[in-house]
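2 protein chains.
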Amino acid sequence: MNTFVLHPQLQKDSEFILDLPLCTLRLIKDANYPWVILVPRMADIQEVIDLSESHQQTLWQESALVTRSLKHLFTPDKLNLAALGNMVPQLHLHHIVRYQDDPSWPKPIWGQVPFKAYSDKQLSDRVKLIKDIIATESSAEVTM
Amino acid sequence: MNTFVLHPQLQKDSEFILDLPLCTLRLIKDANYPWVILVPRMADIQEVIDLSESHQQTLWQESALVTRSLKHLFTPDKLNLAALGNMVPQLHLHHIVRYQDDPSWPKPIWGQVPFKAYSDKQLSDRVKLIKDIIATESSAEVTM
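Protein sequences, first through last, are from chains E and W. Residue numbers for the first sequence follow our numbering, beginning at 1 and rising by one. Residue numbers for the second sequence follow our numbering, beginning at 145 and rising by one.
It is worth saying that the hints were derived from the structure and are not from the lab. One thing to keep in mind: the hints can contain errors.
[Claimed, not checked] Just so you have them, the derived chain E footprint on chain W, three or more residues with Cβ under 8 Å:
no., region
1, 148 to 159
2, 183 to 193
3, 199 to 210
4, 231 to 245
Every residue, glycine too, gets a C-beta built ideally from N, C-alpha and C.
Could you put the whole structure together from the sequences, leaning on the hints where they help?
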């Protein structure tokens, strides 16, 4: 059995936030949008249906947790959810906060504008912010 | 309580295939790609998390059924799954069959090339093909 290794392109483009039971959550290093990806820590998974049914359920629960967290934190005009994988086939689920005044609105973000770098401090602040809200939202879930 | 009405833009851009327990499944009238959408038949739903947890589960089960069916029918190089909704906020979940020789590969399809019309016969044939495979895949699921 193969071991999970994060795809080098995802490694390069994103910063670790935290590990959930199934997925690793990472912030895409593009300051144009609050934009995170969930990547199941399992080898050889390209499509959602390559996961077992029980892992699919966990994936979508983790996606809902991330969506709720981003919604509370950033109050988006719209959230974009996508698993494309044409260039990086390793399954990664995009969650992108969209605003009507963001640089690509109302188009999908891919290929619109170049990545905008975070400063080191902006990046670590945003990672911490998301990490904290996920912790809060998870514990809210547990005690519900 | 509001009643579900399909958004006029989706009505215009797509053809009815069949109703699943939660969603209506429709074929986007763009012959560039086998491309379907799942739309929960519920009013005022924009994000997946606007659905109850049990409806979210049903949505993802229906999405897995559609994905399996498209995979068996079209043997894609990659499937693209997305809920964007920047222009049409009513929740609709895209499932797009991608090939390395399709007109937009490897980019996401939105905004790449104009819609290519199906002939009436191509459209009705494709609708029937997808309807039949979904029926086969659903019954396979039930008897498993």
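Comparing the hints with the structure gives:
no.	hint	result
1	148 to 159	violated (count 0)
2	183 to 193	holds (count 4)
3	199 to 210	holds (count 5)
4	231 to 245	holds (count 3)
Against the hints set out earlier in the document, a violation occurs for number 1 only.
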